[in-house]
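Asker: Line by line, the protein sequences give chains A and B. Quick note on numbering: the first sequence equals residues 1 to 112 in the working numbering. Quick note on numbering: the second sequence equals residues 1 to 113 in the working numbering.
Keep in mind that the hints were calculated from the coordinates and are not lab data. For every residue, glycine included, the Cβ atom is placed at its ideal position computed from N, Cα and C. Be a bit skeptical, because a hint or two may be false.
As the list claims (entries may be wrong) - Covered stretches of chain B, as calculated for chain A (at least 3 residues, CB under 8 Å):
| hint | segment |
| --- | --- |
| 1 | 24-32 |
| 2 | 53-65 |
| 3 | 99-108 |
Here are the chains, one letter per residue:
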Amino acid sequence: SQKIEQNSEALNIQEGKTATLTCNYTNYSPAYLQWYRQDPGRGPVFLLLIRENEKEKRKERLKVTFDTTLKQSLFHITASQPADSATYLCALDGDSSYKLIFGSGTRLLVRP
Amino acid sequence: KAGVTQTPRYLIKTRGQQVTLSCSPISGHRSVSWYQQTPGQGLQFLFEYFSETQRNKGNFPGRFSGRQFSNSRSEMNVSTLELGDSALYLCASSSGDRGGGYTFGSGTRLTVV
Chain A
1 SQKIEQNSEA
11 LNIQEGKTAT
21 LTCNYTNYSP
31 AYLQWYRQDP
41 GRGPVFLLLI
51 RENEKEKRKE
61 RLKVTFDTTL
71 KQSLFHITAS
81 QPADSATYLC
91 ALDGDSSYKL
101 IFGSGTRLLV
111 RP
Chain B
1 KAGVTQTPRY
11 LIKTRGQQVT
21 LSCSPISGHR
31 SVSWYQQTPG
41 QGLQFLFEYF
51 SETQRNKGNF
61 PGRFSGRQFS
71 NSRSEMNVST
81 LELGDSALYL
91 CASSSGDRGG
101 GYTFGSGTRL
111 TVV
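All chains, please: the whole structure from these sequences, using the hints.
Answerer: This is the structure in structure tokens:
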């Protein structure tokens with residue numbers, strides 16, 4: 001069955017450093033991969049989308065890579081700030097499926 | 001522009017009852033999806049509607065149903081509530097085109113007692 005794995009342990013980093021979050025998947029060939037941020041008690045907020053034929057996507061301090069051979073995506077936040085502290089979710093979108101399959105999320109804590 | 005609006009924000013129901021949740025998508029968005037979020041299972045897809053047609057359905061029992069109206073607003077209904085239905089129910093809207101992100105509402109927190 002389809003499986004998406006994100007590091008369940010919280011990632012604790014110092015302000016100003018680069019945070020790198022990992023998303024691995026199996027038994028799936030997504031057309032798109034998306035990253036969301038979720039704060040407690042709120043709905044996820046869309047951050048970035050990368051297509052299967054793209055290797056890298058950037059938006060301000062955010063960068064996503066997508067390796068369909070390794071079945072892995074890396075999500076980077078450069079010059080991290082305490083306000084970046086949240087849970088980050090990876091989601092796969094298959095071709096013609098009109099649904100997202102979410103990972104369990106990784107909690108990021110940025111220390112001042 | 002206004003975001004995705006879900007009502008009510010909180011709900012407490014008794015086992016065996018039924019519940020209806022409402023979602024108003026972003027103006028112009030014709031696709032509405034519903035997700036259930038629990039600590040144990042995470043975010044799980046319930047169903048997706050586009051122009052009043054259900055295009056995809058997740059692996060949930062028939063007690064979970066939904067519909068979409070001509071103005072794109074959507075409702076989901078859960079009948080014969082069970083304790084395990086306690087969760088955050090999230091609605092997401094999109095233009096319906098492939099390759100776009102989804103805008104989520106703040107969710108309805110349902111507690112079944």
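Asker: Check the structure against each numbered hint from earlier and tell me which ones fail, lowest number first.
Answerer: 1
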